[in-house]
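Colleague: Chains as they are written, first to last, in numbering that gives the first Met the number 0: chain A, 0 to 459; chain B, 0 to 459.
Among the hints, erroneous ones may be present.
Just so you know, same-sequence chains aren't split out, so a pair can sit in one copy or run between any two.
Restricting the straight-line Cα-Cα distance to at most 25 angstroms, the calculated cross-link-like pairs of lysine-lysine (BS3-like) are [claimed, not checked]: (1) K352 with K331; (2) K232 with K59; (3) K117 with K275; (4) K32 with K364; (5) K160 with K308; (6) K247 with K65.
Simulated from the structure, these hints should not be mistaken for lab results. As the structure is a prediction and not an experimental result, all values here were calculated from the model.
There are 2 protein chains.
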Amino acid sequence: MNYAVILAGGTGTRFWPFSRELEPKQFMQIIGKSSLLQDTIRRIGGVIANKNIYIVTNFKYFYEVKYQVARFRIPEKNIILEPQGKNTAPAIGLCAQLIGRKDKDAVLVVLPSDHYIKNAGNFKNCLKRAIRLANNGLLVTLGIKPESPSTGYGYIKVESKSNGYFAVEKFLEKPDLTKAKAYFKDKRFYWNSGMFVWKASVFLDEARKYLPKLYAMLNLIRSTEDIAKIWPKIDAISVDYGIMEHSKHIALIPADFYWTDLGSWDAMNALLPKDKRGNVIQADCLDLDSCGVSVFSRGSRLISLVGVKDLIIADTPDALLVCAKHKAQDVKKVVEILKSNKRKEHITHTTEKRPWGSFTVLQSKEGFKIKLIEIGPKKRLSLQRHNRRAEHWVVVSGCAKVTTGGKVRLVPSNNSIYVPIGTKHRLENPMNIPLKIVEVQTGGYLEEDDIERFSDDFKR
Amino acid sequence: MNYAVILAGGTGTRFWPFSRELEPKQFMQIIGKSSLLQDTIRRIGGVIANKNIYIVTNFKYFYEVKYQVARFRIPEKNIILEPQGKNTAPAIGLCAQLIGRKDKDAVLVVLPSDHYIKNAGNFKNCLKRAIRLANNGLLVTLGIKPESPSTGYGYIKVESKSNGYFAVEKFLEKPDLTKAKAYFKDKRFYWNSGMFVWKASVFLDEARKYLPKLYAMLNLIRSTEDIAKIWPKIDAISVDYGIMEHSKHIALIPADFYWTDLGSWDAMNALLPKDKRGNVIQADCLDLDSCGVSVFSRGSRLISLVGVKDLIIADTPDALLVCAKHKAQDVKKVVEILKSNKRKEHITHTTEKRPWGSFTVLQSKEGFKIKLIEIGPKKRLSLQRHNRRAEHWVVVSGCAKVTTGGKVRLVPSNNSIYVPIGTKHRLENPMNIPLKIVEVQTGGYLEEDDIERFSDDFKR
Numbered sequence: 000m001n002y003a004v005i006l007a008g009g010t011g012t013r014f015w016p017f018s019r020e021l022e023p024k025q026f027m028q029i030i031g032k033s034s035l036l037q038d039t040i041r042r043i044g045g046v047i048a049n050k051n052i053y054i055v056t057n058f059k060y061f062y063e064v065k066y067q068v069a070r071f072r073i074p075e076k077n078i079i080l081e082p083q084g085k086n087t088a089p090a091i092g093l094c095a096q097l098i099g100r101k102d103k104d105a106v107l108v109v110l111p112s113d114h115y116i117k118n119a120g121n122f123k124n125c126l127k128r129a130i131r132l133a134n135n136g137l138l139v140t141l142g143i144k145p146e147s148p149s150t151g152y153g154y155i156k157v158e159s160k161s162n163g164y165f166a167v168e169k170f171l172e173k174p175d176l177t178k179a180k181a182y183f184k185d186k187r188f189y190w191n192s193g194m195f196v197w198k199a200s201v202f203l204d205e206a207r208k209y210l211p212k213l214y215a216m217l218n219l220i221r222s223t224e225d226i227a228k229i230w231p232k233i234d235a236i237s238v239d240y241g242i243m244e245h246s247k248h249i250a251l252i253p254a255d256f257y258w259t260d261l262g263s264w265d266a267m268n269a270l271l272p273k274d275k276r277g278n279v280i281q282a283d284c285l286d287l288d289s290c291g292v293s294v295f296s297r298g299s300r301l302i303s304l305v306g307v308k309d310l311i312i313a314d315t316p317d318a319l320l321v322c323a324k325h326k327a328q329d330v331k332k333v334v335e336i337l338k339s340n341k342r343k344e345h346i347t348h349t350t351e352k353r354p355w356g357s358f359t360v361l362q363s364k365e366g367f368k369i370k371l372i373e374i375g376p377k378k379r380l381s382l383q384r385h386n387r388r389a390e391h392w393v394v395v396s397g398c399a400k401v402t403t404g405g406k407v408r409l410v411p412s413n414n415s416i417y418v419p420i421g422t423k424h425r426l427e428n429p430m431n432i433p434l435k436i437v438e439v440q441t442g443g444y445l446e447e448d449d450i451e452r453f454s455d456d457f458k459r
Numbered sequence: 000m001n002y003a004v005i006l007a008g009g010t011g012t013r014f015w016p017f018s019r020e021l022e023p024k025q026f027m028q029i030i031g032k033s034s035l036l037q038d039t040i041r042r043i044g045g046v047i048a049n050k051n052i053y054i055v056t057n058f059k060y061f062y063e064v065k066y067q068v069a070r071f072r073i074p075e076k077n078i079i080l081e082p083q084g085k086n087t088a089p090a091i092g093l094c095a096q097l098i099g100r101k102d103k104d105a106v107l108v109v110l111p112s113d114h115y116i117k118n119a120g121n122f123k124n125c126l127k128r129a130i131r132l133a134n135n136g137l138l139v140t141l142g143i144k145p146e147s148p149s150t151g152y153g154y155i156k157v158e159s160k161s162n163g164y165f166a167v168e169k170f171l172e173k174p175d176l177t178k179a180k181a182y183f184k185d186k187r188f189y190w191n192s193g194m195f196v197w198k199a200s201v202f203l204d205e206a207r208k209y210l211p212k213l214y215a216m217l218n219l220i221r222s223t224e225d226i227a228k229i230w231p232k233i234d235a236i237s238v239d240y241g242i243m244e245h246s247k248h249i250a251l252i253p254a255d256f257y258w259t260d261l262g263s264w265d266a267m268n269a270l271l272p273k274d275k276r277g278n279v280i281q282a283d284c285l286d287l288d289s290c291g292v293s294v295f296s297r298g299s300r301l302i303s304l305v306g307v308k309d310l311i312i313a314d315t316p317d318a319l320l321v322c323a324k325h326k327a328q329d330v331k332k333v334v335e336i337l338k339s340n341k342r343k344e345h346i347t348h349t350t351e352k353r354p355w356g357s358f359t360v361l362q363s364k365e366g367f368k369i370k371l372i373e374i375g376p377k378k379r380l381s382l383q384r385h386n387r388r389a390e391h392w393v394v395v396s397g398c399a400k401v402t403t404g405g406k407v408r409l410v411p412s413n414n415s416i417y418v419p420i421g422t423k424h425r426l427e428n429p430m431n432i433p434l435k436i437v438e439v440q441t442g443g444y445l446e447e448d449d450i451e452r453f454s455d456d457f458k459r
């Protein structure tokens, strides 16, 4: 049987400020109306049965993944949660182990969840050919014909071609520009797409040879319950560095479809239609005489441009990026600095998702905080208590079911309720339409960690 | 006696999005901690007695002017309100008429309220010399030695110099670049600063000759009560075009101080200290390798820059400007477009000032609106009624005195109160500290014009 292993645990930093640690690139709608993860799942339709699609991610993305894959009827048990990120080799090995134990002949199609592919038909045909080769015991990778001397991709050097595939001479890490130029001129070099196809048993066999410690640890995992115990002992390593640079059984199929890893704002920009001055405007924008500018907005602010050139502007309620186009790769450095400065703008948006809906911080000042809370139909928050803040709730849309101090009551739109400090309370949407509440918190300490949960539908 | 006539009715558009129709440049703190208007008043200290300082503005700026000049003990009756803006000649004529009726020998120092001057000592000396000349019956102007072939200023061509001043040959409108270059080379040309000194009687005499209709109208004004009746009949005209281009009695004193009309973001930028890469950063800004960039923020958002050059970035909660430095003059075009598109971002900020304090719109959605209301010590809003919205108030700081339906009660911090649709109500701050209230409005129509006022401290 054929299986997909979709790697969806990464914390993309290159699309900051749109992507955040808690909203990485794979969950974003970059092009079109579904996310990159959803596009990845849709793209393998007809090749892999939905019940055979596995998604490797981590606890903090569980509800987002669950929400995003709901429409595909992928079993919840197929969402594999890593307690910590350990790079690609352990994640793939884990799936090889879990799937391989039940299906000895399982073929795994390993796919990143945050890449962009055009020509889905060609992609499917490639995959089918790769699966055939994998069944013959090869480690198959899809190689991309380089379009430029990029220093942002790893490269693969091939040998002779036979039976529609290349034997691989070696995997090469991201090169400097001089090397990249040489690779680009030489027809034997391909970009490493990070897409692999192999039998679970073959992969584990290669792991035994080249990553024996990982192999030994994986062998201790008999079911998902074992992961928590074993995972901390595993060393992080990429599949490229740990396996592909050593294996002697690699085959490369040249991709005949358009592919990009969407590694930067500029890569995304390249995909979008431009106006006649080369601008991409996805915002409430008033422009005078600009050219080569791309404007993306997740806020409601008016963005006005006067005579600017070759910029990427990405605006969100709490952070704005203005970046020279040729410097788009450096956005990840901004995120690194935010991290080391212990700022918050790389972690969450002002609107934070929760399993029950979302909340938006509208104002946060000494002594009070104002939030707009949106609760999905039939969803409820935990039964909880705050020890340092009181909460005023005004229902502005829908109808709330509110528990305070053991009493339950319905609070319809245009009504309000008060939750004193220290009172056990629960907020619930009993209706089939969304519930919107304005919450005004008052108190000397207003952080999210002042919460004591007594009962939670989401086991937090 | 000497008087100042400070013109403070203009709606500066060049500093958008910081300046708005309801918060023009003269009231902004551009450099330092006081506004340009306040700087203008302070600058004439020692030359003009505060009781002799008149400020011409209009109704919509009355409370702002009153607030800003309070510290200078300028009598409230000296704030002259034009029912409509009629350009400079009528505004100056009005003051000449009102002041001249009481003091036949009055000398008026006419000053724009939104310019920047360094070397206040030199400025004062210039003024004193100008006053002496004005007493001899001359129309005196302070001319600025051009620093560049600017097309943004009017020019003045002088003749011979005697007794420390030049006789003026003519006033010239803003030139095109070719003319500006010729003027700049020729030592006989000065920039028109818009600063004038003359006797009220002399000015009115010139008006009689060159603007007889205006003169006749002004003659009908015996006190400020007459303004409302006469003003609509007056034609708008600038003093330069109406008087200075015709008069034969003009003297120019060359300014020996630094002056700029702050006509654009770039002009402001020129005044500010730069870091070693030529950047001016007045914002929460994270910059990687940018140069020649000026960043100004009135919001709380993080602004991150990556490798950009020669930009002006001005950020506010509802509008962002990203402008090429050499295009700063075009910002006024943006405002014109906003006006013709009937947008709101050129009229007010999200925080709107009121005579009793201010409010900030935090969120405005279908069916509800959230505001943070700040009420100054001992101030109160009007007794009012809304016919299409209800209001929930949560007191987050201070203590409110609330009247609803005839009942009065005190609402301390962390308490809330509900004002149903159609209920007469009044909000008051009885304390000596600011009062902060979160207001959640609900209803189908939530605009500011749904208000019926029954009693108002501010006669609105």
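Colleague: What label fits K232 with K59 when the C-alpha limit is 25 angstroms: within, between, both, or neither?
Modeller: Classified as within; 20 angstroms inside a copy, 70 angstroms across copies.
Colleague: When no copy is specified for K32 and K364, does a C-alpha distance of 25 angstroms or less occur within a copy, between copies, both, or neither?
Modeller: between (36 angstroms within a copy, 23 angstroms between copies)
Colleague: Check K352 against K331 for me: Cα-Cα at most 25 angstroms, and say if that holds within a copy, between copies, both or neither.
Modeller: This pair counts as within: shortest intra-copy Cα distance 23 angstroms, inter-copy 40 angstroms.
Colleague: Using 25 angstroms as the alpha carbon limit, work out where K160 and K308 are close: within a copy, between copies, both or neither.
Modeller: Neither. Shortest intra-copy (45 angstroms) and inter-copy (49 angstroms) distances fail the 25 angstroms Cα cut-off.
Colleague: Should K247 paired with K65 be assigned to within, between, both, or neither, using CA atoms and 25 angstroms as the limit?
Modeller: neither (38 angstroms within a copy, 84 angstroms between copies)
Colleague: Could you place K117 and K275 in one of the four classes (within, between, both, neither) given a Cα distance threshold of 25 angstroms?
Modeller: For K117 and K275, only the intra-copy Cα distance (24 angstroms) is at most 25 angstroms; the inter-copy one is 46 angstroms.
Hint violations for this structure: numbers 5, 6, all remaining hints satisfied.
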